[in-house]
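K.L.:
Okay, here's what each chain looks like letter by letter:
4 protein chains.
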Amino acid sequence: MDELEIDAVAEVELDDPVLVEGLPGVGHVGSLAVEHLLEELEGESTLVRRVYSREFPPQVSVEDGVSKLTCAELHAVSVPDGRDLLLLSGDHQAQTNNGHYVLTDAFLDIAEAFGANEVYALGGVPTGELIDEYAVVGAVSDESLVEGLEDAGVEFREDEPAGGIVGVSGLMLGLGERRGFDAACLMGETSGYLVDPKSARAVLEVLETMLGFELDYETLDERADEMEDVIGKIQEMEQQQQMDVPTDDDLRYIG
Amino acid sequence: MDELEIDAVAEVELDDPVLVEGLPGVGHVGSLAVEHLLEELEGESTLVRRVYSREFPPQVSVEDGVSKLTCAELHAVSVPDGRDLLLLSGDHQAQTNNGHYVLTDAFLDIAEAFGANEVYALGGVPTGELIDEYAVVGAVSDESLVEGLEDAGVEFREDEPAGGIVGVSGLMLGLGERRGFDAACLMGETSGYLVDPKSARAVLEVLETMLGFELDYETLDERADEMEDVIGKIQEMEQQQQMDVPTDDDLRYIG
Amino acid sequence: MDELEIDAVAEVELDDPVLVEGLPGVGHVGSLAVEHLLEELEGESTLVRRVYSREFPPQVSVEDGVSKLTCAELHAVSVPDGRDLLLLSGDHQAQTNNGHYVLTDAFLDIAEAFGANEVYALGGVPTGELIDEYAVVGAVSDESLVEGLEDAGVEFREDEPAGGIVGVSGLMLGLGERRGFDAACLMGETSGYLVDPKSARAVLEVLETMLGFELDYETLDERADEMEDVIGKIQEMEQQQQMDVPTDDDLRYIG
Amino acid sequence: MDELEIDAVAEVELDDPVLVEGLPGVGHVGSLAVEHLLEELEGESTLVRRVYSREFPPQVSVEDGVSKLTCAELHAVSVPDGRDLLLLSGDHQAQTNNGHYVLTDAFLDIAEAFGANEVYALGGVPTGELIDEYAVVGAVSDESLVEGLEDAGVEFREDEPAGGIVGVSGLMLGLGERRGFDAACLMGETSGYLVDPKSARAVLEVLETMLGFELDYETLDERADEMEDVIGKIQEMEQQQQMDVPTDDDLRYIG
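Protein chains in written order, with the numbering used here: chain A, 156 to 410; chain B, 156 to 410; chain C, 156 to 410; chain D, 156 to 410.
If you are wondering where the hints come from, they were derived from the structure by calculation, not from laboratory data. All figures in this text were calculated on a predicted structure; none of them were measured in a lab. One or more hints might be untrue.
Which residues of chain A face chain B? A partial, calculated answer using Cβ under 8 Å [stated by the list, open to error]:
| # | residue |
| --- | --- |
| 1 | 213 |
| 2 | 217 |
| 3 | 233 |
Every beta carbon over 10 Å from chain B, so not counted as near; a handful from chain D, in silico [as the list claims (entries may be wrong)]:
| # | residue |
| --- | --- |
| 4 | 160 |
| 5 | 257 |
| 6 | 268 |
| 7 | 364 |
| 8 | 378 |
| 9 | 398 |
Virtual Cβ for every residue (Gly too), placed ideally from N, Cα, C.
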């Protein structure tokens, strides 16, 4: 295994496509969003590239007993009445700082090869608590991109994201800018505790406006309802615990 | 020391051999199994390769005062009435993600050089508790391999192994598949707390069926009996502790 | 992204300049000091180099919604009636041992290219408690540099800094010496708990003496007053807590 | 700074010298021993090599205000009536697994260049408690070396060192053996809690027998007496604490 091995699985002609990155991160917002895009646009999408790397964790996932080596995948999508897309998904991010740089450059290389010069990095920004409203916070590689995104409902906040943006999403902006891409990071607010389908939906609604396609959200909403059941049950259990008489038992939870 | 140094200790002609990997892991199931194979098949086996690497921990083991640098060893085994074997053993796995990829590729290189294109990676899957029945859970690089293993008693479970397979065993499947090997990972159920000879036996019994040799299990069973004595004593001690009047002494066990 | 990418933003002729390093460290003394220099000498300073590296954390900072990839910056400053300066600033240090060596060599390469052969590395030495007097402790690459700095008020103490000097500041001395630089590290005493503008001022006063420029300290003193308000409030809160009746509540602060 | 930079400080002709390694480790036994050798044999010893590396921690030590970049040093010693020596000392070991391999190979390269093919790696083996008798435990690269060392009082114990020997000392045996060196590791028993001059003395007495020189131990014994005062005081303090009535105060010591 080299530092990078890129399998060309298929070739597809795309017209001025947009790279959309949905690797795992806070609340799994980005990966849920791209997963949903792949489901909804299945008829128009083709797996074109698999990226393997020594910078990915050395492991396989197993489904129905069959193994699959850690990789990232790119699907080419010809959307009727919308922008062509290059969808980036995967189960893991790089495991070292060096790895983040190497892999992001590889993804941008592939995007360039398909004629892309625009990137949307999708992720979550944790609020630290459960929320009802799902704003989408934005960051861009160049000021000229702010207005169009604000018109689509993205919020640009003065103090957010505090601490910047780390990992592939941040480097899509940082390296993308150096390589001539217009890059934007869309971060759906999320509690961060769980997989968050409502946050993913909020982000996808921005993309619909920016990129011209239309999505059905039924399956995402179903997942959201399941989530709410789970949250409800967790909250019940926590209240149950708080009603117990406080004892030295509490001390057993130290550490 | 280069990234890899492979000592050719001896040359042996093998006929369509099978690589069997038994590096340390959960419950030491794989390494116990290969150790037992090496003991039982001592007459037919020859040490052919030692693999040294900067990716192994920088240390020596000491036996009877004499040092031995960390390495992996490959033994060629011509089994009467069974498939030829290439047995991979060692005291340590690689210490970095990069190391796992580098070393697994090296082991597969050696296997190819000996004409092998089949791999069995042996390991354990932890149950989290002591058990009586020892199933062997399987994962394969290609669906076509499932049936033969199911016939040999291997179980393919929908949700296992959760989290996939990490390290050399996982990469034997992942890299093996990319390099044209038929690869299977056999994981004996084990409590994971101890070295588990019964789990190793369960895995070896599958190999007997698949590869045609017959093994005696007396020494492994002896180790299993020793283990049960140890477990029995630990359980007694734990019950002893629980019968004491609970006091602030408990707090001393906070880690 | 290569191991190092150096953007030449502008070219400026400097006469025997001095490299002044102010990357983040203890109490942010060095970075505050260089920040202040950049503010006060804005009219005479030009951004000349940006240094990007895989050794920097893979992230972008975000200001007003616009991203900026992690980098270090060098400003050339032609000071009227003082030594020319090359000011090194940035938001992050390298993240690995290898990275510290690589980046310090890169900074010294740039310094050499501008004709510099003197370095001041600015930092803090933690006292472990809040202080009233702000001494500046020194370390130099060669004994011949001690006297001049002592005359400027720098203290050379027998047991300090205990444990030496780690990171870029230490390597400015260590690698600087090997490469023919006269290097000095000026460390303002600081509690280490906070950003410390008084410590930064103490260090800058030494530089004024050594390098011939004059600075206004109004903005730094304002930050110092803000700091004192914050410290005052923290101290109040702590006294408040100590007056409470001691209970098992104390145990909640363990760990 | 390259991966390795070796400064040739002086050249000295040695006759079949022995490399003696005393880098920091358990109880600082090895480094104390080599320090003592350097003091006692000062008249006959010359600093010949300094080894710098990116694998050393990126820091300088500071003495009397003057910095010194992390390095290892080799001194050539022509001992009257004894074997010629190459003494290896330093303040730090490598910080990564790769670094241990790289640096040990560099030290063996230098030893070869001086005509050496014998190595003594000096260290400590922790007993876990304070002791009165100071045995020296041994490990060798080849069985043929056992007898000579046993005659000099070294003990070869069946179960020790458990876990083998890690770091430069272990690799002196492991890599030394592969490169044609006769290598021995002498480990003085030590509590491991402190710097242990008595353990260092025990190891040096073995070297005196093997290598033909004679040492005065006055300064080491003085350090040993100082150590005993310190230990005495620590023991008093601990007894003082145990005599207090046990209260919830104990909980404050939970780490």
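K.L.:
Hint by hint, say whether it matches the structure.
P.N.:
Taking the hints in turn, this is what the structure says about them:
1. 213: With a minimum Cβ separation of about 4 Å from chain B (threshold 8 Å), the hint on residue 213/A holds.
2. 217: Cβ of residue 217/A sits 5 Å from chain B, so the hint holds.
3. 233: Residue 233/A check fails; min Cβ-Cβ to chain B is 29 Å, beyond 8 Å.
4. 160: holds (19 Å)
5. 257: violated (8 Å)
6. 268: Consistent with the label, residue 268/D stays out of reach of chain B, its closest Cβ about 18 Å off (over 10 Å).
7. 364: Fine: 18 Å to the nearest Cβ keeps residue 364/D off the interface.
8. 378: holds (30 Å)
9. 398: holds (19 Å)
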